[in-house]
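Q: In order, the protein sequences belong to chains Z and R.
The numbering of the first sequence is my numbering, which starts it at 1 and goes up by one.
The numbering of the second sequence is my numbering, which starts it at 1 and goes up by one.
Do not rely on the hints blindly, as some may be mistaken.
Said to hold, decoys possible - Covered, in the sense of this in silico footprint (three residues per stretch, anywhere, with C-beta under 8 Å from a C-beta of chain Z), are these stretches of chain R:
(1) 40-49
(2) 57-64
(3) 123-129
(4) 191-200
(5) 207-215
(6) 256-265
Don't read these hints as lab results, they were simulated from the structure.
All C-beta atoms in this analysis are idealised placements derived from N, C-alpha and C, irrespective of residue type, glycine included.
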Amino acid sequence: MAQTTLQPPPEARPARSLPLRAGRPRRRRRRNWFAYGLIAPALAFMVLVHLIPTAGGVVLSFKRLNTFTFARLFDAPWAGLENYRGILFDTANPLHSGFFGAVQNTAVYTFWTVGGTLAGGLAIALLLNRPMRGQRLVRTLMLAPWIVPSFVVAVLWQFMWQSDVGIINKVLVDYTHLLSERPIWLLGENSMWAIVIPSIWRGLPFAMIFFLAGLQAMPPELHEAAAIDGAGPLRRFRYITLPLLRPLIAVQLLFCVIYATYQFAIPYIMLGSNPGPDADLMMTLIVRQSFSNNLFGFGAAASVLLTLAMCVWVAVWYRAFKRDLEVK
Amino acid sequence: MNARLVNRGLDALTWLVLLVMLSPILWLVAASLQTDGQLSRGAYNLLEPTFTAFSRMWQTVDFERYLLNSLIICTAAALCATAFASCAGYALARFKFRGATGLSLGVVGTQLIPGSLFLLPVFMGFVWLKQNTPVALFDTHLGMILVYTAFFTPVAIYFMRYFFAAIPRDLEEAAMVDGCTRFGAFVKIVLPAAAPGLVATFVYAFLFAWDELLFVAALTQENAETIPIGIRNFIGNYQERTAQLMAAGVVSTLPVLIAFFATQRWLVKGITAGAVKG
């Protein structure tokens, strides 16, 4: 589930033909065969594990696949649009309310996680972009949370969130007296924050190095000129830094939203296979219904709807940031 | 005068932010050096660390097996992904061919599909193969390596394309003038020149494979389970042994932490490739 860093290639210019013996069509075709040979293994794997199974997943979403029919695997009986109807329109179906609850939770989770990650990442990148003693050390150490595996993040924070003995309540209640009562973090309304905050904590360093690289690539003359003209730091940030960072923000936004929407490990490990109505996300719902309750048809249909939602997001994103992408 | 004060303040703020960001990790280490009883009572004694949790965790769950499986599967998958991606990345960086744009879009497109959509068919395919053919992919190292290779190849392609584009063409052209074949020039000249990129790509794929939970949870039963499953079993059965759980967290973070800091400079270059090109 690695998806945060895809960029357009750094060199989009067409390949220059080699000076020797190049130019004739026959030669060119041989070069093409060489290129096809090079991409063949990667392509084969992507077709085998991504393309064909995805098509299979779409097919399964139209099948009645549950405990009784699972033994028949791909020969399970057709269900037409039944799975989709059950999810979207059948108000008597418990899966219906579960699905819309998870949609809402996923939207809330994604909004806060992405917002927190990008805002925090940018803020820290601005801090680290200043010359200071120990700069390299600070920049390197700041990346550490991103290296901690998600499942470790989940067990660590689960322990930290414990109501009675967890360090967070100890700090908030016993040491600083900021709160008079011990909040319960892992159940009920707070459980959403219990997964959002660690997700931000882990994702933030990644956004940070990205923005930091962008800040370092910025020509300093612009800021100097604006400073001479009397623009304060806030105005320079608003009118120089932010517009120049827009393409970077766009790319980060695209992949952060996808990554957050497909988050699974943190809620699943921290809150269990059923995180409860306040923190059940799309992925935990789909996996639980599919693999614990054997409702594979439901899982496939819900996954298809999730994919469509992401396609809509990409389309919206593209319209919003089209101009920024063309600049490059 | 005022500006100097502000600067000092921002320096202090930077260190404070760093401390806050690192504190959960420090707490993980500190908690792993306590005993289970101390943690469950909340009676920490940070001044008297003990390594008992680290020695006991291996008996509580079969962590050695999980660790070994993770190392085998992630290393093999990251190697394969890097190998395939360096070929495909080279093709995309150097040649103009029909379908190149389609391939680039497809590479991004794979990231758009939720794992749950193609997990089910992969799962059913593995089960079907197990029932009907001698091909053993369900709950085997080979099956997981296959799946992870495919997972991390797309991102690796982007990494490698960036690193190849940074290598001057003259190198290969000179080699080919000297009688190298095109493939020979790629293997003998370009690949060594891209060694830092290869390492960065490998580590990146390794980090993500190490973190993967969804597929390994569905596609393994007992033979090929990796560390995330070990951690899940730990929580499921021995939740009260918190210090050991924290110790297991430390042990599962160490390999990736070492790999990351050893290759950090190149890795950051690959990650920020798109940011600096502007």
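Q: Per the coverage rule (Cβ-Cβ under 8 Å, at least three residues), is the region 256-265 of chain R covered by chain Z?
A: Answer holds; 5 residues pass the 8 Å Cβ test.
Q: Do three or more residues from the region 57-64 of chain R put their C-beta atoms closer than 8 Å to C-beta atoms of chain Z?
A: Contact hint for the region 57-64 of chain R vs chain Z: violated, 0 residues under 8 Å.
Q: Can the region 207-215 of chain R be counted as covered by chain Z under the rule of three residues or more with Cβ-Cβ separation shorter than 8 Å?
A: This one holds; 7 residues, not fewer than the three required, reach chain Z with a Cβ under 8 Å.
Q: At least three residues with a C-beta closer than 8 Å to a C-beta of chain Z: is that true for the region 191-200 of chain R?
A: That given contact is violated, which follows from only 0 residues of the region 191-200 of chain R lying within Cβ reach (below 8 Å) of chain Z.
Q: Under a C-beta cut-off of less than 8 Å, do 3 or more residues of the region 40-49 of chain R approach chain Z closely enough to confirm the stated coverage?
A: holds (count 3)
Q: Are at least 3 residues of the region 123-129 of chain R within less than 8 Å of chain Z when you compare beta carbons?
A: Three-residue rule met by the region 123-129 of chain R, so holds; n is 4.
Hints 2 and 4 from the list above are not met by this structure, while the remaining hints are.
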